[in-house]
Each structure stands twice: as C-alpha cells, then as structure tokens.
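Spelled out from the first residue to the last, the chains are:
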Amino acid sequence: MKLAKIKLIEQPRPQVVLGIGETESILGGLVCSSYRFCDDALKSSCTSFDNGKDSFCGDDKDLSHVLCSSHASICSSYKGEATCSTYSF
Amino acid sequence: MKWSKYNRLIKSQNNYLLYNSLSNSFAELDSDTYYFLKQFKPGDEIEKIDESLSLELSRIKSIVTSDDIELAKIKYATLKRRFSNGKLLLTINPTLDCNFRCPYCFEGVHNKKLVMSESTEDKIISFIKTSGKRRVDITWFGGEPLMGYKSINRLTNKLLALNIQYDASIITNGYLLSDKIIKSLHALKIQSLQITLDGHADIHDSRRCLKNGGKTFDRIIKNIKRVNELSPKTKINIRVNLDKSNIDCFPALYEFLHSLNFNNLAIFPAFVNDSTEEEANPCVCNDIEQSMFLIRLFREKGLILHPFYPSSLRLECAVRNINAIVIGPEGELYKCWQDVGNADKIYGNISGIVTNEAVLLDYLMAGDPFDDEECKACMLLPICTGGCPYERIKREKNCGIKNPCMLLKHSLDEFLILHYNSKNNSV
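As they're listed, the protein sequences go chains W and G. For the first sequence, my numbering assigns the number 159 to the initial residue and increments by one for each residue that follows. For the second sequence, my numbering assigns the number 11 to the initial residue and increments by one for each residue that follows.
Everything labelled a hint here was simulated from the structure, so no lab data went into it. Every residue gets a Cβ at the ideal spot worked out from N, C-alpha and C, and that includes glycine. Heads up, a few of these hints could be off.
Claimed, not checked - What follows is a set of in silico ranges between Cβ atoms, one per label pair, in the way DEER data are often shown: (1) W/163 x G/420: 27 to 33 Å; (2) G/298 x W/163: 34 to 40 Å; (3) G/268 x W/163: 35 to 41 Å; (4) W/163 x G/309: 28 to 34 Å; (5) W/163 x G/243: 43 to 49 Å; (6) W/163 x G/306: 31 to 37 Å; (7) G/18 x W/163: 16 to 22 Å; (8) W/163 x G/406: 42 to 48 Å.
Using the sequences provided together with the hints, build the complete structure.
So this is what it looks like as structure tokens:
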C-alpha cells in the first residue's frame, strides 16, 4: 500500500543507546511548581534567555542538539542527534 | 513491528496529527495516512506499508519491536541519572529567619532567629572536601538567605579556596538586595536570583508583607532595577505564586515587568499548592483551572509561560540523587526544600552521620513511577518525570491525595493542538 507523507513538527529526541564505557550523565532537577534547574552544561549552552521560554533554556526544539554538540564530554560518542548516549541530552 | 501504545492520533479541524511519547515527536499526517493508522490498536502488527513510511514511523517510535524494551531503556536512563555521582548539589539555608510574613509560607515552626555558625560552615567545607567532588552547585535558600549574608560571604570564600568548580544561585524575596550585595554577586559566583512577586503593588503587598505588615513591592522593583544596572549578567527569575485570589492579576504584572525590557529577566507562574494534611484549601487552583489559565494566557495575550509541548529533557527532581542535599542552619540535613524546619524530616547531619535512614531511603526510592501501576499504564510515562517526589511519597504512604501528574496529562490533546497552532501561527 502506497501512502503519503508524514511531516515532522517536532523531531524525535535522541535515543537511549546502550553501550560500554558510557560517560557520566548529568544531574538535573525539577524543583517545585515548574521551577526547573538546568545543569550548568545546559545553562551555558542556551543561546537565549527570553520571557516565555523554559526557565534558563532557549527553544526546546534546539535543546538536545545544542547540548550534545556543545558538550561532547557528556556523550560517549556524539556523531549526531541519534547517537547521544545520555538519552535526554 | 508493532503499533506502539505510546501513540496519540488527533484530528483537529482539517489537521491530522500524530504524537508519540517514546520519542517525544510530533507529526502532521495527510488524511489517508491518519485513517490508515487509526485502524491499529496498541500491539497490532503493522504490515504491508510503504517502506519510507515504515522507516519514518520506526524513527519516531510509532512502530516498535517492543514497547517494554523502549520503556526499559527510559527507566535505565532515569536510574543512571539518579545514581550519577559527578557533583554535589547543595541547598544551603544560612538562616531560617525571614523579614517577611507571607500567609502561604510552607516552612514550619522552628527557631527562626538562628543563623549558621562559623563552626557549621567549617563542617560544610570539610564535608565537601571529604566527598572528593570537584564540582559543587549551591542554591542559597532560607528563611530569607540574605539575612544570613555574612555566612554566605564567608562560606563562598572558603569554597573558592578549595579550587573546585563552583556556581551558585539564590532564592530571595529581593527586599534586602542593597547595592553592596548586588555588587558582590559576581564575586559570590551567584549567577541567578529567584525573586517572588505576587502581583502588582496592592496585591503583592497584601500577600508578601514585612513582619510588621509593611509594604515591599516598590523596594523590590527598585532593587531589581539596580541588579539590572549593576550586575546585568545576573539572571533574574521572577516567580509569581498564583492562586484563585490573584490569578487574574498575572497579565498586568507580566506586562509591567516586560515593559522594563531587561534582557536578564524571566517571569514564570507557579501555582500555590496545599501541602497540609487536608489538601482542601479552596483558594488553590486545581489542574483544570491551571490548564485553563495557561490556555487563556496564550489565546488572549499570546503568552506561553508553561510549555504546551513536553520537554525532551525528562529531568527528574534532584532529591532522587544522594548528592542533592539541603543543609539547615545547624548543619541538619534534609532532602527536600519543602521539609526545611520540619524536625521529622531531618535525615542526618553535616558531620556525615545519617540519623534517619527511612527518610533518606524514601526520597531516594519511594513512590517510584516505574513501580506505580497507574503510571505504567499511562501513555505519558516516557516523558513524565513522575512529578514531585514529595507528593508521590506522601501519596504512597496514604497521607496525601494530591495528584502528582503533569499538568499536560489532563489536557493533552488540547495542549498538543495549541502547540501545533502556535507553530503555524494560527491561534
């Protein structure tokens, strides 16, 4: 059966990749009534600090990519969005 | 490959949408694809479909080999973060004293006059040294932490002498932010301030007054302006505690703060919870009321102050990690900010002695969403952090009824459609 397209509005987040020798994942926290503490790595990788955005972070859609590409030390084998070992990052 | 139980197909007017919580992806479909996929139930084998469609559905986890394996991977990633051991995340209360008397304050009965001694400060430094951690994040909390400014100053200098990676933030009512303190923020490594405003002057002053009932709004605003002038790189998060009595005042406060045009200022609403045993305070907004408020803000003002779309980050509360510690002014240890001042929730002391294993173990492991049958059946578990552990543990022990679920759950389709519309600028 031939079907038409899917147009992605939000890209899938990086996958959990099970591997040997993964690096330390970073600690984040969600503290009380939607106040989100991002990890330092996350804070420093955010390019904007705008009203209406998720606490310290810029646009969600860029977050996983920005973090992975800026902070390779937390990923064991970053080669693209789908290879980050630390799931959310 | 099987149709995932974590799919949600939504039809909105002439738009056909597919959300998947395993990958947290969102797609627009054409009508033929929508109705084709609509026929499948979770677990159904998907056969005889176009290869490119199959690849795309697989990439966004709408078709999977096994939902159980996918969920197990998410659990693994969560546990890995819980047991990460890279840094200390300390919340330090130099005092529980406060110059305000807010009627909704959760902090219990305690010795409010107590300020941290230099001996306790030294024990904190010894504790950090002994931990071997080379990275420490501190949140200064209280009471009003600036009433213990001397202690903050001394402790910071001792921390900096350790030559470790160190950052700090502070949660303050903003009243005591003098020029001297503002100028010291950089040296104290304080990168962000959280200041609470509960509305414009009259409303704020009726809720967040001095001990003697005095007004505070004008002075806090003056101090915020001085932070912007003297320390423009310091981020200022304005928290607005909302309940039914002040919720309608939020847009005016937002517009006022927005008009200041400060690049370092962010504003977020925080709904007041009832943390008493009864959990029946009529002023508190329930989940539906909170959702409706957020939707109204978007429709009427174009504001998105709480994301309509789930975050990809899935950050669980830091209390689940052994290295996240709340330190009281006498060096007593708590896990959660909510417990500060509650003697029953002290689990140890800064000398490294655990005095109440049950409290510590509860925060580390009790109320786990991956052990909760309701959570395991929920399609949002892959993107939900399980909500507030404090509430989850209370509920597990049958002394709380508050629903810990994410706000999104109760209006998922509506929130997703709003997100779709906001992306397409068709509010």
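Right, here's what the structure says about each hint:
Remark: the range hint 27 to 33 Å for residue 163 of chain W to residue 420 of chain G is upheld by a beta-carbon distance near 32 Å. Taking the beta carbon of each, residue 298 of chain G and residue 163 of chain W are about 36 Å apart, inside 34 to 40 Å as hinted. Distance hint check for residue 268 of chain G and residue 163 of chain W: the Cβ-Cβ separation is about 39 Å, which falls inside the suggested range of 35 to 41 Å. The hint said 28 to 34 Å for the Cβ distance between residue 163 of chain W and residue 309 of chain G, and at roughly 30 Å that hint holds.
A hinted range of 43 to 49 Å holds for the C-beta pair residue 163 of chain W and residue 243 of chain G, which are about 45 Å apart. Checked against the hint of 31 to 37 Å, the pair residue 163 of chain W and residue 306 of chain G passes, with Cβ atoms roughly 34 Å apart. Between residue 18 of chain G and residue 163 of chain W the beta carbon distance is about 19 Å. The supplied range of 16 to 22 Å therefore holds. Hint check: residue 163 of chain W to residue 406 of chain G, Cβ distance near 46 Å, so the stated range 42 to 48 Å holds.
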